[in-house]
Amino acid sequence: MQLFPCPFCGPRDETEFHYGGDAGNIRPDGAEMPIDRWAGYLYLRTNPKGTAREIWVHMTCGEFFVMERDTVSHKVLSSAALDGEHAA
Amino acid sequence: MTASRLATGGNAIDRSRPIRFSFDGATVEGFAGDTIASALLAGDVAVVGRSFKYHRPRGIWGAGVEEPNALVDIGGPRATPNTRATTEPARDGLVAKSVNATPNALADRNAFLDRFARFIPAAFYYKTFMWPDWHRFEPRIRAMAGLGTVDAGWTSPDTADQINHHCDLLVVGAGPAGLAAARLASGAGLTVTLVDDQQNPGGALGHRAGEVDGKPAAAWIAETVAALASAGQLILPSTTAFGIYDHNLVGLNQRHLDGRPDTLWRVRPREIVLATGAIERPLPFANNDLPGIMSADAALAYLRRHAVLVGRCIVIATNNDSAYDVAVALAEAGAEVTLVDIRRDGTPAAPANVRLATGRALASASGRLRVDGVTLDNATRLDADCVLVSGGWTPTIHLFGQAKGKLAWSDARAAFLPGDPVDGITVAGAAAGAVSLSDVFAGVGKAFAGQANAATPRSTGLEATGGILPAWPMPGSKGRIWIDYQNDVTVKDVELAARENFISVEHLKRYTTLGMATDQGKTSNLPGLALMAGITGRTVPEVGTTTYRPPFTPVPLASFAGARVGELMAPVRRLPLENAHRANGAVFQEYGGWLRPAHYGGNADAERSIADEARRARQSVALFDGSTLGKIEVIGPQAAAFVDFLYYNTMSTLKPGRCRYGFMLSENGVVFDDGVLVRLDEHRFVVSCSSSHVTAVYARLEEWRQDRFGRDAVYIHNATSDMATLTVSGPNARKLLETLDLGLSLDDADLPHMAVGHGTYAGDEIRIARVSFTGDRSYEISIRADRAEPLWAQLRQAGKALDAVVIGLEALMILRAEKGFIVIGKDTDGTTLPHDLGVEGPRAKRQSEFVGRRSLFTEEASRDNRMQLVGLTVPQGEAPLPTGAHGIKRIDGRLRSQGFVTSSYQSPTLGRPVALGLIERGAARHGEAIDIQNLGKISKATITAPCAFDPAGDRLHA
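From first to last, the protein sequence lines are chains E and V. End of the first sequence sits at 88 in the working numbering; the numbers just go up one at a time, nothing left out. End of the second sequence sits at 958 in the working numbering; the numbers just go up one at a time, nothing left out.
Hints were generated in silico from the structure; no laboratory data involved. Please read these numbers as outputs of a predicted model, since none were measured by experiment. Glycine included, C-beta positions come from ideal geometry on N, C-alpha and C. One or more of the hints may lead you astray.
So, partial list: chain V residues that the calculated Cβ filter (under 8 Å) puts toward chain E [what the hints assert, rightly or not]:
no.	residue
1	ASN82
2	TYR245
3	LEU249
4	TYR548
5	GLU702
6	ASP707
7	ARG853
8	ARG854
9	GLU860
10	SER862
11	ASP864
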């Protein structure tokens with residue numbers, strides 16, 4: 001059972017979190033967006049071995065945040081509030 | 001074997017408290033502090049079970065968690081199969097039964113299987129039961145396989161406790177290393193938790209000699225435990241650390257002597273000391289599995305702890321120094337002892353009163369139900385009623401391995417030791433390869449260097465030595481030599497695996513079952529690997545070990561379930577008016593996590609009750625509890641832009657005080673939810689989503705809020721359970737409401753269809769929305785959940801004059817299906833796009849961005865043969881179509897699905913069935929006939945528009 005650091009609540013059990021996808025998977029707006037880019041946004045995931053930047057949501061406080069972690073060692077490298085980074 | 005209880009001694013037993021329990025129907029006597037095993041030994045019970053495959057008689061091997069043979073099924077309210085007799089405390093009145101034996105261990109009727117052993121080697125059934133079909137043999141093989149028996153009808157009378165716990169340091173093992181580490185850490189001001197799987201602390205010092213700081217071991221143990229207790233540190237005896245999980249979470253299995261279920265502890269220590277000791281290995285010789293052949297260290301433990309002398313005429317076979325102390329102790333206790341050491345040179349001096357044969361090994365043991373003698377490798381025959389073996393020590397590094405620690409082979413110890421350190425974990429004592437007490441304390445002292453302000457304990461007595469000459473099983477050995485007692489794996493089985501190229505340890509394990517089952521190879525793994533190394537010309541570290549996985553010892557499933565059983569497994573959400581509905585004869589069912597009235601009028605003739613409710617709802621007025629309907633508020637300066645983005649339909653053009661129906665899509669364009677959006681004022685909306693989608697919609701709103709709009713742009717509040725929603729629907733709905741004082745005008749000019757008004761009831765603010773899921777004039781009244789009951793009561797009272805009917809969810813489903821109103825997830829699936837449901841406008845016209853937009857313009861979305869929402873009617877007099885039945889068409893001689901029925905009911909108002917379905921090109925096929933197939937039967941239906949009742953919608957305003 002991993003401990004994830006919610007930037008708002010501190011370290012909590014992994015069962016309190018949901019995975020929200022790769023960080024940096026920016027939504028391409030527009031009905032005319034090339035279909036390959038849209039498909040990439042919808043379906044293509046990086047699935048890295050090693051350091052991964054991911055969006056997670058802490059279900060108990062409802063806040064989304066970016067967490068960097070190592071997918072091999074399960075070490076958590078950083079976590080930061082989502083504020084600003086993705087906001088339009 | 002003639003084992004017996006000595007008249008004095010035994011540091012673990014309390015002779016003033018005799019106990020009696022039953023084993024295989026016979027009464028066994030013992031004392032408080034006995035384990036089942038020690039009491040059985042004291043009663044000279046040699047055969048305690050039958051082996052897994054050959055049903056060979058088996059006796060007690062060890063004195064702890066490593067026990068492969070002595071498994072017992074415990075009966076009664078605390079029934080547990082496959083319990084180790086060596087760790088299970090003997091309790092008064094306990095009922096234990098041997099495993100894999102019918103009728104009992106001594107006279108097992110499947111014992112004949114051993115005579116066929118040469119025909120059933122490892123993996124024989126993979127090769128044998130292939131023709132004609134494995135499944136013909138499987139039931140009988142399954143019935144024969146396994147050890148203990150689970151009583152399928154048994155349920156736990158109470159639930160197991162689960163405890164979450166934090167500390168600075170968790171020490172696993174209360175032997176000399178663990179006690180020293182705990183005391184040093186405690187002295188340094190850390191909070192310490194000390195766990196040990198035995199009832200008494202001390203570990204090996206409980207039966208091995210030792211002197212610490214000038215005191216006898218027992219005094220030092222008592223003093224250390226007292227010091228820890230007075231410092232407020234937590235000490236948990238009878239508790240096994242069974243697993244280390246991610247980020248140093250440690251699982252503990254705590255057993256209780258008072259009959260409570262085991263407690264599961266989840267511990268998050270900052271640091272962990274693993275002082276888990278070491279386990280003695282067997283030696284390879286023919287028939288080394290006979291009852292009466294035991295671990296030498298276990299024999300010493302039974303002598304010192306339980307005052308049980310395991311035999312009168314004992315042969316001890318060894319390859320290392322640790323058996324010498326055992327020989328001395330047994331000789332002193334009155335046994336005739338012969339020590340057979342495989343080593344020719346470098347052995348310790350011959351102990352007094354012990355015959356010593358050096359440079360000799362055992363070739364075989366003899367006996368039928370218990371050992372009666374051994375033959376040495378020079379053909380010398382020795383009589384013996386008990387044979388003790390010591391094949392060296394395997395450090396207990398399972399937890400270190402689970403924490404992904406790498407192991408390093410030690411030639412000096414002939415064992416794997418912990419390799420490169422793992423963050424936050426220190427391995428100490430015998431688990432780290434230490435032999436003498438001085439080494440143990442030196443290792444602990446080093447781990448706490450610079451941190452401790454108390455002195456590290458010093459060993460002041462005689463020191464143990466670790467001399468050893470490896471004695472691994474050898475390929476080509478004569479006779480049947482057991483490697484894994486629990487799984488009946490012999491040297492020949494490992495040789496067979498090697499011949500068939502299953503030489504990787506993981507393959508070896510799976511092919512032969514070496515190291516599987518309840519003991520997970522605690523005594524057998526290393527000899528097995530070493531044998532494979534010998535066969536394949538590799539070294540032991542080249543062969544490597546299998547992966548260490550939790551649990552170290554079996555843990556009851558009830559521990560993991562804890563209180564999450566029965567109703568608490570998945571707790572239902574309850575309506576604020578549940579009691580009122582119960583009083584009114586409601587029959588409850590779970591819908592999307594909510595416990596809601598399915599219908600009223602009790603369980604008798606449910607179908608008629610439902611039809612009555614649906615019919616009467618159209619006649620006058622119906623009352624319905626719609627409290628589960630989503631009420632998620634979206635508030636803020638960008639609220640309008642936000643709902644525009646979230647909905648398929650343009651919502652920003654909605655005027656304050658009005659409602660609009662719309663879809664939410666997922667990014668792949670699929671309709672995710674439908675519902676009404678209420679605009680309360682310029683910057684405030686209420687998302688009235690489907691009852692079962694509230695959590696998911698709320699999460700989705702939060703995601704887009706935080707990811708796209710920003711925290712300051714909108715605020716989202718899920719007010720679903722803050723308010724109860726009472727729905728009044730039907731031609732007389734307004735007439736009923738007018739009899740109440742609701743503090744607002746119900747005139748259609750002031751409160752038309754799809755408008756929202758504000759009033760008060762008994763001093764509380766209420767909100768009334770003219771929204772209809774029945775097709776009739778409807779009012780949804782939302783009121784504080786805790787004030788809803790008087791309003792509901794008054795509505796029912798006032799309704800009597802109008803022949804009002806209270807309806808449940810089943811009747812509502814009929815009413816909405818008559819109108820062709822959909823339920824997302826029932827009338828749609830994971831491919832349904834909004835235009836499949838006939839809502840094409842926003843796709844064609846919207847210019848602004850919304851969730852799922854791009855996906856509506858793909859090749860797939862524009863296919864001309866998409867499944868579309870339709871109504872389905874059946875010929876006069878026929879029964880409703882089965883939900884899920886397929887519309888079919890014969891194409892090139894083969895039947896092909898054209899879609900399926902999604903909702904189907906008998907409409908009491910129309911006097912005929914109504915149905916909805918998703919049918920290919922359905923929107924363009926109204927009036928067309930279609931074949932409907934269900935379970936091989938084909939019936940006829942006609943495709944229609946979805947709405948079967950009041951298509952013009954006049955009743956909304958009637």
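Against the structure, the hints come out as follows:
| no. | hint | verdict |
| --- | --- | --- |
| 1 | ASN82 | violated (26 Å) |
| 2 | TYR245 | holds (5 Å) |
| 3 | LEU249 | holds (5 Å) |
| 4 | TYR548 | violated (17 Å) |
| 5 | GLU702 | holds (5 Å) |
| 6 | ASP707 | holds (5 Å) |
| 7 | ARG853 | holds (6 Å) |
| 8 | ARG854 | holds (5 Å) |
| 9 | GLU860 | violated (10 Å) |
| 10 | SER862 | violated (12 Å) |
| 11 | ASP864 | violated (19 Å) |
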